[in-house]
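Colleague: Given the structure of chain A, go ahead and fit chain B onto it with the hints provided.
Residue numbers (the numbering used here), protein chains in the order written: chain A, 59 to 297; chain B, 59 to 297.
Careful, some of the hints might be misleading.
The list treats identical chains as one, so a pair stands whether inside a single copy or across any two.
To be verified - When the alpha-carbon atoms are kept at most 30 Å apart in a straight line, the in silico DSS-like pairs for lysine-lysine are as follows: (1) K102 x K282; (2) K143 x K102; (3) K282 x K247; (4) K141 x K102; (5) K141 x K282; (6) K143 x K247.
For the record, the hints were derived by calculation from the structure and aren't laboratory data.
Chain residues, written in single-letter form:
Number of protein chains: 2
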Amino acid sequence: MEIQLAVAKINKYATSDSGDSVEVVERPNGGISVVMADGQSSGKGAKQISSLVVRKVISLLSEGVRDGAAARAASDYLFTERKGKVSATLNIVSIDMQTATMVITRNNPLPVLIASNAEICAFDDECSPIGLYRETRPLISEVPLEPGLVVVLYTDGLVHAGSRSGESLDINTFLQSVIDDDIEEEETKPQDIADSLLAAAVQLDQGRPVDDITVVVILVSSRKNDSTRRMTVELPLNL
Amino acid sequence: MEIQLAVAKINKYATSDSGDSVEVVERPNGGISVVMADGQSSGKGAKQISSLVVRKVISLLSEGVRDGAAARAASDYLFTERKGKVSATLNIVSIDMQTATMVITRNNPLPVLIASNAEICAFDDECSPIGLYRETRPLISEVPLEPGLVVVLYTDGLVHAGSRSGESLDINTFLQSVIDDDIEEEETKPQDIADSLLAAAVQLDQGRPVDDITVVVILVSSRKNDSTRRMTVELPLNL
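The following block holds chain A by itself, in its conformation from the complex (with noise of 0.2 Å):
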């Protein structure tokens, strides 16, 4: 088995700081976690909250943090840091190899979707944004890691494409889609998928995204892996 993951980015129209901030860092127990948050507002403020929440989240979880605490300092962090005047989504992913789950964690009104066996269900219980009131908690869920499974999680950049002109994507519906393409095609690519996610919703905003997007697809592939670790970036230069 490997763990494939891949994130899609892109700024909302004409800024050139994205409010979205996502990394991905080593757990020091074996493992991966990818970080996601969404600042308030857009631009420039927007980054800085959103880049001070994942710093501290990843800071601490390469410290050996559970992911649950993380996410509640990173609460309490911002609320001290703004005086709860500031809000930020916050989504975590790990894949613990201790315990051979796929765990998220979400401060995010937004759903976390999760595929398996071609079905799609929505890990979407009520829960808050983190900075505003004290005792936030984040929602937690395990997954076992089983070959097929499918975790996609996106910022409000996402649902709110189309808001223009009206429209909007519809997101469960475009997931199957592509995930019973990719049945037949048999090799299910992470970045095909944040890709196609994306590219709808840009072209729903007509090639100007109203809101900075951000969509991560990890997936676990029953693919005989060669014992390598792999890591790509692209990144756009505006110079």
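Modeller: Same frame as chain A, but now just chain B:
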């Protein structure tokens, strides 16, 4: 233009912990940094050292600390933590949007290879690993971000490959041949460069790497980007 970065990483044969650590982190003023460390010896102890070093560096970089200062801090930190008894090599390569340069920081006797216009030169001035002495300083080189620039860094597992049978990989020549091939086919993929270097090393080791091997390739591409930032991770699972 866009930056394309790729990492390929394999453990020493029959060990579950790699003494190499590598992480990519976003820079708060734009751009990204990749941080690679190799802890003295191998296995759990080495992993602990290299991840301590990488964690310290990415945490400082994400707060806006300059690369050279982050390397010095990591050296002092390791020296203090382990009383000067344990060393680690450290490399940082940053895409710095403020200066529009690639900043290459070395505390590693091994060279960093820099290819531009199909010519390879080695940034190989003498420098020390961190952790053994006070006042250890990194060497820093800055290169303008221009299409066709390729930077390759690696840990000593790549250099020691083949030592069991008295062979070794001529990394420069190998890289030159990969780059020459790529020019004909137009689109250079850093993951292909990293993978082929790693594969050549593993082959010299008869499929049983004598040491942890990490290869990082960073490429400045003239490809017109769709303003989308992408990241992928492939993580082998041994459950």
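Colleague: Kindly indicate which numbered hints from before are broken by the structure, ordering the numbers from low to high.
Modeller: 5, 6
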